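A.B. asks: Same order as they appear, the protein sequences are chains F and X.
Each residue of the first sequence is one higher than the one before, starting from 1 at the first, in the working numbering.
Each residue of the second sequence is one higher than the one before, starting from 1 at the first, in the working numbering.
Bear in mind the hints are in silico, worked out from the structure with no lab data behind them.
A portion of the hints provided could be inaccurate.
Unchecked claim - When the alpha-carbon atoms are kept at most 27 Å apart in a straight line, the in silico DSSO-like pairs for lysine-lysine are as follows: (1) Lys178(F) with Lys218(X); (2) Lys222(F) with Lys273(X); (3) Lys12(X) with Lys129(F); (4) Lys218(X) with Lys129(F); (5) Lys136(X) with Lys15(F); (6) Lys178(F) with Lys12(X).
Stated by the list, open to error - Now the in silico label distances, taken between C-beta atoms and shown as ranges: (7) Lys222(F) with Glu269(X): 19 to 25 Å; (8) Ile59(X) with Thr62(F): 48 to 54 Å; (9) Gln21(F) with Glu82(X): 52 to 58 Å; (10) Asn93(X) with Lys108(F): 36 to 42 Å; (11) Thr240(X) with Asp88(F): 26 to 32 Å; (12) Leu254(X) with Glu29(F): 30 to 36 Å; (13) Trp11(F) with Glu82(X): 52 to 58 Å; (14) Phe228(F) with Gly72(X): 37 to 43 Å; (15) Met230(F) with Ile59(X): 42 to 48 Å; (16) Leu104(X) with Val66(F): 48 to 54 Å.
What the hints assert, rightly or not - To give a feel for the contact side, a few chain X residues facing chain F, derived at Cβ under 8 Å: (17) Asn174; (18) Arg178; (19) Gln247.
Here the structure is a predicted model, which means the values were calculated and not measured.
In this text, a Cβ means the ideal position worked out from N, Cα and C, and glycines have one as well.
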Amino acid sequence: MREIIRVKNLWFKYKTNWVLQDINLSIYEKEFVALVGQNGCGKTTLVKHFNGLLKPDRGSVTVYGVDTKDTSTAELAKVVGYVFQFPDSQIFARTIYEEVSFGPKNLKFSNREIDEVVHSSLNRVGLEKSLDTTPTALSTGERERLVIADVLAMNPRVIILDEPTTGQDHITCHNVMKIARDLVNLGKTVIVISHDMELICEWAERVIVMHEGRIINNGRPKDVFSRFEMLRDIGLSPPQVSVLARSLQFEETPVTIDEMIDVLLRRLCLEHSEIC
Amino acid sequence: MQAIKAEGLSVKYYMSDDYILKNVNVSIREGEMVLITGPSGCGKSTLIYCLAGIIPHHITVEKYEGRVLLFGRDISKIRFSEIAKICGVVLQNPTSQIFGMTVLEDLAFGLENLCLSRSTMEKKLNEVLELVDLKKHVNTDPQDLSGGERQRLVIGSLLAMNPKILLFDEPTSNLDPRGAKEVLLALNRLRKLKKTIILVERKIQDIALSVDRIIALKDGSVVFDSSPRDFFSNMKLVETLGVSSPQIVRLSYLLREQGIDVKIPLTIEELRKQLIEIFGGG
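Let the hints inform the model, and build the full structure from the sequences given.
C.D. replies: Below is the structure:
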């Protein structure tokens, strides 16, 4: 897979407090990556380096081979789209059309192109409202999808979703993750920050665990969530099915319900071969 | 004894087309821990505001029909200062309820206004600090606390006033996993004090298993009012409400679909025991 973001020995501080300490990381094309960790561990600070909102104090971040220190945030915004944690902080226009067309207008798209991307972006997030609707009339879940459409309209190759599931109901969480998965299938790279471990296990391919400004684990959900002691030390809980499998002394660590069902059915077949 | 009761309660906000609550009848006993849930816009927060007397005392509405009884008395006819001594409300965003320069100052504010003696105040503050586990942060600026700690500080400030009923509007949904866990622990400690606890939450998988009863609202009406086990045994309803159920509950349903007979569990341990019987452990 092609490496598109490379973080090398990244250190960053707010005033005197080092919030990122010696981060080394690669993100690859068409990956669905999740960043987890407690509030204040540096997740948002790290991803803000990917679109140039923050620049390293030490070390480097390169995006598609370009050092973020050598380019502007405006240029990086064409490649890396950022959906902020609270959708309301990103919404300012009077209508849905104005809202979604703002980005492509600034990128000097033609009127016809703007029209096309507004429709296709809203379609992609399943927001089938009148284009004249005011964003304030939308539900929280719809506003979350609207800001994703804002970012999609600029056609970035990388999309960062900063806590899109916090404070959202179950259906919205799954809708957002499904949109993210569809984008990966279309060739985009998605980086999502979330506290919902079960959701991450269901949707993400790789999990990066941060603690106190450092990356302390990085791997497949199955591998990361089998490290119970590490998770406990930093206050994260593995999915219930993983805890259940551990309490049953299974060798495997399933992280999704489907994986647990597979493990259980295999065991049933081993013990009762006559029914399999 | 009955702590709060809503009788035929219907509420309509100004500028809204429809009633947000429609003929709601709920009754909460003293010492009970009750979870109110339902999809966005179903009227959960409005119900909490009514049960706490904020509606009609502080938020005026176009229509307020039926009544809320607080220990048998019509809440709309009780002075709000008196209601506040009985009911403490913890809002979704704790920052809006914190104003002290230190944790101790914030906790002491209510007690100072009750003109208690210094020794009584100190005793009370120590008890509260213990309950919400903030002893080591006595002199900390609340701004420097984590989300979970701030939420616990608000709970502590209310507890200092010794209310009989505590109402929470989404106390954990915006917290990180550690913060949510800490608040849940604090809630369980309050339960032991026999406080009446009423919670509104959308993300219910962690909290639902600790409560006595779940009340579910949909489009302003009560569609469910019974135990967590009954709630999660009705997967069709859970799905209709769009709320998330614990992973072990969903696993049990899928096992049933595979012809494996398991009862809906409320804890991992309950499911573990059943699976050991079926599959054998280890």
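A.B. asks: Provide an ascending list of the numbers of those earlier hints which the structure does not satisfy.
C.D. replies: 6, 14
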